[in-house]
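Protein chains: 2
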Amino acid sequence: MTDQMKAITLASRPEGEPKDENFKLETRDVPKPSEGEVLVRVHYMSLDPYMRGRMDDAKSYAAPVPIGGVMEGGGVGEVLASEAEGFEPGDMVFGMFGWATHGVARAKDIRKLDPRLPATTALGVLGMPGFTGWYGLTELGRPKAGETLVVAAATGPVGSMVGQIAKARGLRTVAIAGGAEKCALAQDKFGFDAAIDHRAFEDARSLRKALAEAAPDGIDIYFENVGGKVFEAVLPLMNTFGRIPVCGMISGYNAGALGGVEGQGPDRLPMLWRSILVKQMSINGFIISNHFDHYPAFLKEVGPMVASGELAYLEDIGEGLENAPDAFVSMLKGGNTGKQIVKLV
Amino acid sequence: MTDQMKAITLASRPEGEPKDENFKLETRDVPKPSEGEVLVRVHYMSLDPYMRGRMDDAKSYAAPVPIGGVMEGGGVGEVLASEAEGFEPGDMVFGMFGWATHGVARAKDIRKLDPRLPATTALGVLGMPGFTGWYGLTELGRPKAGETLVVAAATGPVGSMVGQIAKARGLRTVAIAGGAEKCALAQDKFGFDAAIDHRAFEDARSLRKALAEAAPDGIDIYFENVGGKVFEAVLPLMNTFGRIPVCGMISGYNAGALGGVEGQGPDRLPMLWRSILVKQMSINGFIISNHFDHYPAFLKEVGPMVASGELAYLEDIGEGLENAPDAFVSMLKGGNTGKQIVKLV
Chain A
1 MTDQMKAITL
11 ASRPEGEPKD
21 ENFKLETRDV
31 PKPSEGEVLV
41 RVHYMSLDPY
51 MRGRMDDAKS
61 YAAPVPIGGV
71 MEGGGVGEVL
81 ASEAEGFEPG
91 DMVFGMFGWA
101 THGVARAKDI
111 RKLDPRLPAT
121 TALGVLGMPG
131 FTGWYGLTEL
141 GRPKAGETLV
151 VAAATGPVGS
161 MVGQIAKARG
171 LRTVAIAGGA
181 EKCALAQDKF
191 GFDAAIDHRA
201 FEDARSLRKA
211 LAEAAPDGID
221 IYFENVGGKV
231 FEAVLPLMNT
241 FGRIPVCGMI
251 SGYNAGALGG
261 VEGQGPDRLP
271 MLWRSILVKQ
281 MSINGFIISN
291 HFDHYPAFLK
301 EVGPMVASGE
311 LAYLEDIGEG
321 LENAPDAFVS
331 MLKGGNTGKQ
341 IVKLV
Chain B
1001 MTDQMKAITL
1011 ASRPEGEPKD
1021 ENFKLETRDV
1031 PKPSEGEVLV
1041 RVHYMSLDPY
1051 MRGRMDDAKS
1061 YAAPVPIGGV
1071 MEGGGVGEVL
1081 ASEAEGFEPG
1091 DMVFGMFGWA
1101 THGVARAKDI
1111 RKLDPRLPAT
1121 TALGVLGMPG
1131 FTGWYGLTEL
1141 GRPKAGETLV
1151 VAAATGPVGS
1161 MVGQIAKARG
1171 LRTVAIAGGA
1181 EKCALAQDKF
1191 GFDAAIDHRA
1201 FEDARSLRKA
1211 LAEAAPDGID
1221 IYFENVGGKV
1231 FEAVLPLMNT
1241 FGRIPVCGMI
1251 SGYNAGALGG
1261 VEGQGPDRLP
1271 MLWRSILVKQ
1281 MSINGFIISN
1291 HFDHYPAFLK
1301 EVGPMVASGE
1311 LAYLEDIGEG
1321 LENAPDAFVS
1331 MLKGGNTGKQ
1341 IVKLV
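Those protein sequence lines, which keep their order, are chains A and B.
No gaps in the numbering here: position 161 of the first sequence is 161 in my numbering, and each next residue is one more.
So the number in my numbering is just where the residue sits in the second sequence, counting from 1, plus 1000.
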């Protein structure tokens, strides 16, 4: 066991896109676990869009990372030392260890991994992003066979879960993704019935035309995880009794808490409001951390599908803690393909 | 039985506020009921905000009234002749007879009135408006004791139902109404804990201040029936897990289907979208005509409350079919106090 560890802290708050100077790589002493805690050597850490929100000082659903504090995040790793019942050195666990090579956590805040599955799956397809997609689709989207679903960022860990579960339940699935390569992936790997490259369309109106062709019977469920231009394109195509689970908006994260999302003119709010009424839509925002009581049901349904290969997933694994900031910024711009992970060991 | 009847037809489509020239008073022969139908002499007809939408040619949740067609609407009256089993001359019934002194309807489209209650209650407190308030609040608002509810047009037939049912279930109730007189009514007659005169505030920001004082623990349910400035004032005060049933927007009806609602700047949609996510809100549009399967449950709960006087209601009864257009336009501007009805007999 080394006595030193590395961590990335928040050096300053970004304005818009995060830059190198907002992060600081620090060397620290490895902490010792207290009674009821374990010390973990992190093998893989997760990078997720929500982390951009934590860098701001704005009121949100979670407290911001303080200046000088370690960047938050989940990771999987090996228990090095345990002062907690039920955990032994060598156990592989998931926990919120932050952007760091080591972390100490209370036993109740970590979870042992299923040794039959790759450890990285606990960060993506079977972790928070996959669970987000499954919960939002099944609980709030209420999918019915024969309906049409649209999801953006469709090759990401949320979108690919949403698309595959919807497909398995008999829906027509339409992917929106950035670039021809991701569109091909969406159809070939994740089984979407159609895929649309949003970069090929200048504005919401032209994107809407393509969507209308891909969804000739209208859209029953729009799983909202990007906001902005895509939402604007989708809204007029929503069917009566349409459902929009809202789980996050990567296109808005860099704009600040109340900032302007691209391409939205002055008359959009009344249009949305009237659409909600006329189409009798159901729009539900959710933060997945409030719904972990459904996590066992998720693992029970989706775990076997992952183990058997029936449900595909894609990971984009970078190397080295020092490269995490670059990988993070790139991910916010869609530069990753699949769940963004950083390998630390 | 007279052989002539009167009806008001749609002479032309209004732009903005309806004018006299958009309506035409016509004299016609009284129709005869066919097999399975009844002929009804209408005693009271209902005027409701949704009728403004039917005057437009825009795609909406119901077909527009055609030019030359009788204006749509519900009414209560006496059966003059019956070709339908179960109905006899003298029966008092509710049906969609339009803006007219007489109407023919199929037996399955009308409903006998409870003779123990005034016939007009079938148009307001126990009719479509009251049912709208009850359904939206109880099914979509999911009220819990100790929470805070806000509703606008609070002395109207929808708002006064919402406020009283919420109060009966242990919520703090905040009324928004137009003018000091209606505010006093809201508190004295309908038992609201607080009442705010929206006319006393120039913009959403100042209205929000007053709301924040009246709702010191934030707002859990905003029953949306007006839109515009009130919604803008309410949004930042919504609590986490807040619910917004959306049943109609009188402030937008005159602006056309996709028109601009007053006081809404360019950055509102992203703010709304982000609020939905961060506050994990549930927003549900509904058209009450799709939920009549709940009507018996409504009558069972609220009927006795009306009969006993436990639940108050207010009616604004005009006289004469020829005065219906003026009463209608006045109602759209909030000139009525209580459910707007026109007495025809």
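Derived by calculation from the structure, the hints in this document are not laboratory data.
Treat each hint with caution, since some may be false.
Unchecked claim - Below, in silico cross-link-like pairs of lysine-lysine (DSSO-like), each with a Cα-Cα straight-line distance of 30 Å or less:
1) 1279(B) with 19(A)
2) 300(A) with 343(A)
3) 279(A) with 1006(B)
4) 108(A) with 1279(B)
_Structure versus earlier hints - violations, ascending order_ = Checked against the structure, the only hint that fails is number 3, while the rest are satisfied.
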